[in-house]
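Peer 1: Build the full structure now, drawing on both the sequences and the hints.
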Amino acid sequence: MSASIISIFIVAIFIENFVLNQILGLCPFIGVSNKIDSAVGMGLAVTFVMVMAGVATWSIQAFLLVPLKLEYLQTISFILVIASLVQFVEMVIRKTAPALYQSLGVFLPLITTNCAVLGVALLNIKKNYGLVESAVNSFGGGLGFFFALIIMAGIRERLDVSEIPEAMRGAPIAFVTAGLLATAFMGFSGLV
Amino acid sequence: MLTQIVSAVLVLGVLGFIFGAILSYASVKFEVKIDPQIEKTLELLPGANCGGCGFPGCAAMAEAIVTKGVPVSTCPVISSLNRIKIEELLGLRKPGEVVKKPVVKAALIKCNGLDTAEYKKFEYMGVPNCQAAVLLQNGPWLCPHRCMGLGSCVAACPFDAIKIGPQHLPIVDEDKCTACGRCVLACPKQIIELVDKEKFVHVKCNSVERGADTRKVCKVGCIGCGLCVKVCAYDAIKVDNNLAHIDYEKCVGCGACVAKCPQKTIIMEDKPQFKGRVALIDQDACIGCTICHKVCKFSAVNGGTPKEKHSIISDKCVGCGLCAEKCPKKCISMVDKA
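Taken in sequence, the protein lines are chains A and B.
Take the first sequence: its position 72, counting from 1, is numbered 72 in my numbering, and each next residue is one higher.
Take the second sequence: its position 279, counting from 1, is numbered 279 in my numbering, and each next residue is one higher.
Incorrect hints may appear among the rest.
Here are the simulated SDA-like pairs of lysine to any residue, each with C-alpha atoms no more than 20 Å apart in a straight line [as the list claims (entries may be wrong)]:
#	chain 1	residue 1	chain 2	residue 2
1	A	Lys69	B	Ile5
2	A	Lys95	B	Glu63
3	B	Lys121	B	Lys216
4	B	Lys199	B	Tyr248
5	B	Lys176	B	Lys197
6	A	Lys95	B	Val28
7	B	Lys33	A	Ala97
8	B	Lys29	B	Phe19
9	B	Lys68	B	Phe55
10	A	Lys69	B	Val6
Label pairs and their calculated CB-CB ranges [stated by the list, open to error]:
#	chain 1	residue 1	chain 2	residue 2	range
11	B	Ser7	A	Ile164	54 to 60 Å
12	B	Ile22	A	Leu68	17 to 23 Å
13	B	Glu31	A	Phe175	41 to 47 Å
Derived from the structure by calculation, the hints contain no laboratory data.
All C-beta atoms in this analysis are idealised placements derived from N, C-alpha and C, irrespective of residue type, glycine included.
Peer 2: Next up, the structure:
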């Protein structure tokens, strides 16, 4: 049991990395990877929301949709859950930890429409994970996103000061970098 | 089948309702009190979120004004009325306190160049962008200071206040202009200046070339002759570097320089036919107090012995209006020359 949980965790972070392997959640990956500071904030926020959403959507699926044979409402009800959850988390953080709220800033509401969050919720169901496995998978997915974002931000901070042909500056070189990064992550595929 | 549909609708509806209820409860429970002054300040700010103040949008600016004491004037586009309102709201200014009338500025295009073939070096067919045109032989015009007329200022204006009018010269809509200064930075010839909206006499030239050189390339350029300096009763014009400059703090807009300018470089806004003004004394009301005679800097008032009624020598009168202002009986009026 514990071994399989550890393997789920490792697989979620490295082998099935949400950004670099499954190509999900690309817009924050490109949009918020300009500075390491904001990348850390976004990564933490996404990880947090992913775990919460993973658990909440698993519960919805197991206790509501399956007994009522309403599995086809998965997507819409998951979106509902994620959106409400993000809103709720935003309110709570704003009240209880204004400093954290300030540093997360616009990233929190942005996560509402992050497809990686919906992706992790749907994949948990698809892979027939239990509650604990779902939570671990979500946490691993979030951490994977976090790592990918930070690696990308670190590279892009160095790219800013390096000599790049004018036509390639900004988004083009970022896309090429992302591609190379994804290729590098493919090397993990034999890990587990 | 029906139960399927009903249960689907019910489940989603109930889910939505529950989440809505939780969120609305949370919004009350976790409500963060915002200083009402911040909200009021935000309402009075322009709301364009232009970022000209250096803060990310008007909301951040409002917060900074209230909590960090950032001066309201940091906002480059706020109307003077709203600025005063905010300062009163925050207790920085007592209500009704008399303030020096704020100077409301608008962009002024300092060129009046004509648009005929004889003032052109060549026909520019390149990218319609002033910076690009300047790179090519310093522009298509003979005068090195001529407005390119390609509308880089128009493109730079976020308020749609500038458009290109006749003669390829930009026209500023003073009602829309907020004096944000974007056009000033965009102009490669530094032709645009921000001046008081209420002043209407302007030197429409930016050429610092010698008079003879200017005359060769422009019919309406300032040649630095200095006639306007001599005719100004308020010491409001200086010629510096072959170019007349108006000191807008001193200028009263009498138009004496406009009438005198041989090149028609100095203009009266909205009055292209302006030929100057002349004083007119109402002989019935004049008591011969000699004040107007004494005050006239151009010896244009007849009389000087007390009780003798005054009259104006219209050839000498430049229309500065000093006498009309000083006349104790208010019997001198200024009329436009035909």
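Peer 1: Please go over all the hints and tell whether each is borne out by the structure.
Peer 2: Right, here's what the structure says about each hint:
no.: 1; hint: Lys69(A) to Ile5(B); result: holds (11 Å)
no.: 2; hint: Lys95(A) to Glu63(B); result: holds (18 Å)
no.: 3; hint: Lys121(B) to Lys216(B); result: holds (13 Å)
no.: 4; hint: Lys199(B) to Tyr248(B); result: holds (7 Å)
no.: 5; hint: Lys176(B) to Lys197(B); result: holds (11 Å)
no.: 6; hint: Lys95(A) to Val28(B); result: holds (11 Å)
no.: 7; hint: Lys33(B) to Ala97(A); result: holds (14 Å)
no.: 8; hint: Lys29(B) to Phe19(B); result: holds (15 Å)
no.: 9; hint: Lys68(B) to Phe55(B); result: holds (12 Å)
no.: 10; hint: Lys69(A) to Val6(B); result: holds (12 Å)
no.: 11; hint: Ser7(B) to Ile164(A): 54 to 60 Å; result: holds (57 Å)
no.: 12; hint: Ile22(B) to Leu68(A): 17 to 23 Å; result: holds (21 Å)
no.: 13; hint: Glu31(B) to Phe175(A): 41 to 47 Å; result: holds (42 Å)
In this structure, every one of the numbered hints holds.
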